[in-house]
Amino acid sequence: MTLFGYRLPGMSSLILWGILWEIVGQSGMTFFVPPLSEVVATLFQVIQTAAFQKALYETAYAFIAGVFFAIVIGIPVGILMGKNRLLDELLLPWVNVFLSAPLTALVPVLMVLFGFGMKAIIITTTLFAIWIIILNSRAGVKQINRSLVEMAHSFGASPFDAFYKIYFWAALPEILGGVRIGIIRAVKGVIIGQLLISIVGFGALFELYSANFLMGHFWAVLIVLFALAFTISEFLAYLERRVSYYAAKR
Amino acid sequence: MVVADDIPESAVSTRNISKNYGDVEALRDLSLEFPRGQLTSLLGPSGCGKTTLLKIIAGLLEPTSGEVEVNGQMVTGPGPDRAFVFQDFALLPWASVMRNVSFGLEMRGVAKSEREDIAARYIKEVGLGGFENAYPHELSGGMRQRVGLARALSVDAEVLLMDEPFSAVDEQTRRKFQEDLLGLVQNENKTFIFVTHSIEEAVYVSDQIAILLPRPSRVHEIIRPSGFRDKGVDNIRRDPEYLDIVDEIWASLRTYVE
Ligand SMILES: Nc1ncnc2c1ncn2[C@@H]1O[C@H](COP(=O)(O)OP(=O)(O)O)[C@@H](O)[C@H]1O
Ligand SMILES: [Mg+2]
Numbered sequence: 000m001t002l003f004g005y006r007l008p009g010m011s012s013l014i015l016w017g018i019l020w021e022i023v024g025q026s027g028m029t030f031f032v033p034p035l036s037e038v039v040a041t042l043f044q045v046i047q048t049a050a051f052q053k054a055l056y057e058t059a060y061a062f063i064a065g066v067f068f069a070i071v072i073g074i075p076v077g078i079l080m081g082k083n084r085l086l087d088e089l090l091l092p093w094v095n096v097f098l099s100a101p102l103t104a105l106v107p108v109l110m111v112l113f114g115f116g117m118k119a120i121i122i123t124t125t126l127f128a129i130w131i132i133i134l135n136s137r138a139g140v141k142q143i144n145r146s147l148v149e150m151a152h153s154f155g156a157s158p159f160d161a162f163y164k165i166y167f168w169a170a171l172p173e174i175l176g177g178v179r180i181g182i183i184r185a186v187k188g189v190i191i192g193q194l195l196i197s198i199v200g201f202g203a204l205f206e207l208y209s210a211n212f213l214m215g216h217f218w219a220v221l222i223v224l225f226a227l228a229f230t231i232s233e234f235l236a237y238l239e240r241r242v243s244y245y246a247a248k249r
Numbered sequence: 000m001v002v003a004d005d006i007p008e009s010a011v012s013t014r015n016i017s018k019n020y021g022d023v024e025a026l027r028d029l030s031l032e033f034p035r036g037q038l039t040s041l042l043g044p045s046g047c048g049k050t051t052l053l054k055i056i057a058g059l060l061e062p063t064s065g066e067v068e069v070n071g072q073m074v075t076g077p078g079p080d081r082a083f084v085f086q087d088f089a090l091l092p093w094a095s096v097m098r099n100v101s102f103g104l105e106m107r108g109v110a111k112s113e114r115e116d117i118a119a120r121y122i123k124e125v126g127l128g129g130f131e132n133a134y135p136h137e138l139s140g141g142m143r144q145r146v147g148l149a150r151a152l153s154v155d156a157e158v159l160l161m162d163e164p165f166s167a168v169d170e171q172t173r174r175k176f177q178e179d180l181l182g183l184v185q186n187e188n189k190t191f192i193f194v195t196h197s198i199e200e201a202v203y204v205s206d207q208i209a210i211l212l213p214r215p216s217r218v219h220e221i222i223r224p225s226g227f228r229d230k231g232v233d234n235i236r237r238d239p240e241y242l243d244i245v246d247e248i249w250a251s252l253r254t255y256v257e
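Residue numbers (numbering that gives the first Met the number 0), protein chains in the order written: chain A, 0 to 249; chain B, 0 to 257.
Careful: at least some of the hints might be erroneous.
What the hints assert, rightly or not - With a straight-line cut-off of 30 Å between C-alpha atoms, the simulated BS3-like cross-links for lysine-lysine are:
1) Lys164(A) with Lys230(B)
2) Lys82(A) with Lys189(B)
3) Lys164(A) with Lys82(A)
4) Lys175(B) with Lys189(B)
5) Lys175(B) with Lys123(B)
6) Lys164(A) with Lys141(A)
7) Lys164(A) with Lys54(B)
8) Lys230(B) with Lys175(B)
9) Lys230(B) with Lys189(B)
10) Lys123(B) with Lys53(A)
11) Lys164(A) with Lys123(B)
12) Lys123(B) with Lys189(B)
13) Lys189(B) with Lys54(B)
14) Lys111(B) with Lys82(A)
15) Lys54(B) with Lys175(B)
16) Lys230(B) with Lys123(B)
17) Lys53(A) with Lys118(A)
18) Lys54(B) with Lys141(A)
19) Lys53(A) with Lys187(A)
20) Lys111(B) with Lys189(B)
21) Lys118(A) with Lys187(A)
Honestly, the hints are just simulated from the structure, not real lab data.
Make a model of the complete structure from these sequences and hints.
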């Protein structure tokens with residue numbers, strides 16, 4: 000965007016929205032929206048509190064564990080589905096159903112099954128991330144050049160060699176694309192899980208703030224979460240651009 | 000042409016091979032002997048089952064019936080006595096020339112330093128010295144096929160199976176390859192089975208040419224050019240026997256070309 004001949008840096012329109020927020024806040028129109036300046040001041044206070052740091056730590060833990068399971072289960076399952084017709088027929092309908100299912104509705108069931116704690120949140124996170132990782136790994140394997148597989152076979156590759164030395168690498172660009180989208184979904188999963196279960200992490204924090212009508216605190220934490228999610232997604236997009244450079248050359 | 004008693008014993012024999020793909024009868028009752036230390040071409044129009052036969056010999060495909068023997072041993076799958084050179088090179092795009100060439104040895108469990116020594120030697124031998132750390136996408140088609148060839152040579156298999164290895168490279172490179180191939184047949188003590196659809200190429204490089212015809216696929220004729228082999232690479236294409244054989248093959252194939 001350019002203004003009076005000057006090139007504005009990306010997202011400078013956010014300043015405009017920030018000003019609007021400040022005006023609405025200052026006007027005292029609604030108790031629900033405190034002025035942005037107040038929210039920002041609260042933000043710096045909040046991130047130093049033990050409660051916030053505990054929530055951040057618990058969230059990071061659940062997020063990393065959830066993504067870890069989604070990746071180490073999702074990639075091999077996807078590759079095997081791409082390789083094996085029978086497994087593919089058995090699993091593909093389920094993967095597609097879960098990919099588009101409103102997983103939020105499953106969270107209460109998970110709570111019943113796995114308790115109201117970390118375990119249920121980690122599983123929620125994994126469930127949000129894993130399906131697209133499976134589907135992309137499968138697609139990566141499906142497009143593999145058949146003669147690479149024959150080549151490995153003709154030189155006596157074991158099934159294990161073929162898996163780790165051919166299929167995985169050949170499907171890597173698609174796999175990483177799936178992991179990127181999976182991680183973005185995991186961010187949603189970990190927050191939604193916490194909100195619904197609401198006794199750990201940010202769920203507990205939000206519960207605390209809304210019970211005490213601390214709207215400034217509420218908005219401050221929300222801004223931190225949005226910024227974190229956005230940063231993760233941009234970082235992954237950057238990594239993926241590096242990989243597609245490699246993919247285009249293969 | 001030469002009388003039958005000069006022919007060395009067979010390194011590879013195929014007996015009564017049939018192969019059906021569903022309703023498609025790719026090969027029917029095909030028997031063929033491949034003399035040791037010589038180059039045999041499988042020549043025929045596309046779709047006549049050349050690749051199918053080569054992959055059955057490689058152990059990559061199972062015949063519907065019939066059997067393949069290599070050195071008197073029944074073939075049940077791929078084995079260290081055979082190495083394959085692929086029409087589309089089949090190189091790992093994420094791996095360097097060194098890793099690609101040593102891949103066959105890696106699969107056979109040869110230690111890293113040893114297999115890289117061996118690979119380095121064959122990389123030089125095929126004329127790619129200095130490109131050890133290059134990636135396939137940085138190489139021309141001809142250079143890529145040299146990598147595929149070095150990979151097949153480095154496992155030191157007795158039988159080299161080549162599926163139209165030069166069809167994806169340009170004409171000049173192809174001629175150079177054909178000359179180099181004659182050198183390889185002379186110097187390496189290996190049996191070559193070479194698939195091509197080019198009559199001139201087959202006559203130029205082969206000790207024995209098996210002409211395959213489609214519908215149903217069978218060996219139509221076996222030709223053993225012999226008179227011009229030691230007249231030097233530059234004189235072969237002007238030799239009367241060479242020209243006669245090319246004409247003769249064309250005469251038998253022309254009816255199958257639409
Ligand atoms: N995987 C396959 N499934 C079905 N038909 C096939 C398959 N591979 C080859 N064929 C058929 O078998 C015949 C021989 O094929 P191929 O061996 O590739 O011939 P060539 O290498 O001489 O061109 C062709 O008619 C081809 O269409
Ligand atoms: Mg073919």
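Structure-based check of each hint:
| no. | hint | in the structure |
| --- | --- | --- |
| 1 | Lys164(A) with Lys230(B) | violated (46 Å) |
| 2 | Lys82(A) with Lys189(B) | violated (35 Å) |
| 3 | Lys164(A) with Lys82(A) | holds (14 Å) |
| 4 | Lys175(B) with Lys189(B) | holds (20 Å) |
| 5 | Lys175(B) with Lys123(B) | holds (16 Å) |
| 6 | Lys164(A) with Lys141(A) | holds (16 Å) |
| 7 | Lys164(A) with Lys54(B) | holds (22 Å) |
| 8 | Lys230(B) with Lys175(B) | holds (17 Å) |
| 9 | Lys230(B) with Lys189(B) | holds (22 Å) |
| 10 | Lys123(B) with Lys53(A) | violated (61 Å) |
| 11 | Lys164(A) with Lys123(B) | holds (25 Å) |
| 12 | Lys123(B) with Lys189(B) | holds (19 Å) |
| 13 | Lys189(B) with Lys54(B) | holds (18 Å) |
| 14 | Lys111(B) with Lys82(A) | holds (29 Å) |
| 15 | Lys54(B) with Lys175(B) | holds (26 Å) |
| 16 | Lys230(B) with Lys123(B) | holds (27 Å) |
| 17 | Lys53(A) with Lys118(A) | holds (17 Å) |
| 18 | Lys54(B) with Lys141(A) | holds (22 Å) |
| 19 | Lys53(A) with Lys187(A) | holds (19 Å) |
| 20 | Lys111(B) with Lys189(B) | holds (25 Å) |
| 21 | Lys118(A) with Lys187(A) | holds (16 Å) |
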